[in-house]
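**Student:** Okay, here's what each chain looks like letter by letter:
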Amino acid sequence: MNHIRQGIFEIRINKNYCKACGLCTAWCPQNVLAEDEEYYPITPGLKNCINCKLCERHCPDFAIEILPPEHPEHSRYKGLQ
Amino acid sequence: MKLQTSQILRDYMRSDMLPTTWCPGCGLGIIMSSIVQAIHYQGLAKDDVAMVSGIGCTGRMSGYTDFNSIHTTHGRAPTFATGLKMARPDMKIFTIMGDGDAMSIGGNHLISAMRRNIDMTAIVVNNNIYGLTGGQSSPTTPTGSKTTTAKHRTIERPMNLEVLARAAGVPFFARATVNHTASLVKMVERAMNISGFSVIEIISNCHVLYGKMNQRPEASDMIADMDNDTTRSNPALIKRSAQAVRITSPDAPYGDHEDAEEIDHFHTDHKTGRGIIIENKGSVDFSTRYYDMLAHLKGQEGKAGESA
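So the sequences go chain by chain: A and B. For my numbering, add 1 to where a residue sits in the first sequence, where the first one is 1. For my numbering, add 6 to where a residue sits in the second sequence, where the first one is 1.
So that you can see chain A by itself, here it is in the shape it has in the complex (with noise of 0.2 Å):
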């Protein structure tokens, strides 16, 4: 069995492409997504991620990237294959 370690991607939202719309926060299974006062989504609960990519998938406008922590523009790249 897969085992999952939550938290480890990075959620990156691009608010010149974003509209709002609300899916990515309706569709997240963990809750890791929120609406800010302007309803445009944040990620107070990056911790419980579960990597499902549900909101990149359903992102209607490609605002959201989610980066792998092998990706070398994940904030905490450390250089690792």
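Calculated directly from the structure, the hints in this document are not laboratory data. One should not assume that every hint holds.
[What the hints assert, rightly or not] Pair ranges (Cβ atoms, derived):
(1) A/45 x B/138: 36 to 42 Å
(2) B/298 x A/69: 47 to 53 Å
(3) B/16 x A/71: 28 to 34 Å
(4) B/192 x A/37: 31 to 37 Å
(5) B/296 x A/37: 55 to 61 Å
(6) B/80 x A/16: 32 to 38 Å
(7) A/71 x B/114: 50 to 56 Å
(8) B/94 x A/69: 51 to 57 Å
(9) A/72 x B/25: 19 to 25 Å
What you are looking at is a predicted structure, and each value in this text was computed from that prediction instead of being measured. Cβ coordinates follow ideal geometry from the N, Cα and C atoms, glycine included.
Dock chain B against the given chain A, drawing on the hints supplied.
**Tutor:** Coordinates of chain B only, in the frame set by chain A:
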């Protein structure tokens, strides 16, 4: 390292055209990303793909993707695509149409293209309404739903593209919804590799016009309802529906929503099946006939030029 979806999209989009002009939460963006992912996973270069689109909200899709693209007249996208396929037989051609574009204004052209059976992939986005022009009834508006031109609810029966495709002898027909993004990518990939005219009908949402008049003003509600408003015909999907619900957010309405009685006037026989895949294994791609005819005509022209 497997590329993430958003990084695939970055390469295939015209990023200076973004953000899109579609309404917030419109399923067209999901459809566009599925097509792009399918093309990426098939390993096609951008120059090998052409995207032909008609008029409507759906027609804007060819402007956002970085393929060879034509934005054609209303309903005539398959016709232009036929001409393109004759000139460039090596190209993979996607014909993107909305429901009004494909079934009412261009219905004639779609039927002719189905009969002609030339190698291309037609994607018909069905959102039950004419979106761009302000919410008029389209051929696929379900019976009993309100639109701008049917204030006292539609009394006509919706059109079923599956039956039309069967009758016209299409080698491949599939139907999906924007709720099922992973299977959508696989369906587009499968349709691309069919030799002949393959059709995918994708059920999308128009919550801004159709949803507002039919008690579904939120995009998330409308997309979640696609599970209930479509009947399951694919055995794999029927099996999956018996398992646990995937949407576990407490706020997401699913299944027993409060105003379930209000949509009871949608009779069950107007439900459309999703996950349908029809594939005629023995069908012949007719485009070779047309290429032969073109070669023959060119040969005759050459002979006429020599004698003169």
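**Student:** Confirm or reject each hint.
**Tutor:** Checked hints:
Against the hinted window of 36 to 42 Å, the Cβ-Cβ separation of residue 45 of chain A and residue 138 of chain B comes to about 37 Å, which satisfies the hint. Checked against the hint of 47 to 53 Å, the C-beta distance between residue 298 of chain B and residue 69 of chain A comes to roughly 51 Å, which is consistent with it. For the hinted restraint 28 to 34 Å between residue 16 of chain B and residue 71 of chain A, the CB-CB distance of approximately 18 Å leaves it violated. Range check, residue 192 of chain B to residue 37 of chain A: Cβ separation about 35 Å, and the 31 to 37 Å hint holds.
The hinted window of 55 to 61 Å between residue 296 of chain B and residue 37 of chain A holds, with their beta carbons roughly 57 Å apart. Our hint of 32 to 38 Å for residue 80 of chain B and residue 16 of chain A holds, since their Cβ atoms are close to 35 Å apart. For residue 71 of chain A paired with residue 114 of chain B, a C-beta distance near 53 Å keeps the hint of 50 to 56 Å intact. One distance hint, 51 to 57 Å for the beta-carbon pair residue 94 of chain B and residue 69 of chain A, is violated here, with the actual separation near 38 Å.
Hint check: residue 72 of chain A to residue 25 of chain B, Cβ distance near 24 Å, so the stated range 19 to 25 Å holds.
Violated hints for the displayed structure, listed by number in ascending order: 3, 8.
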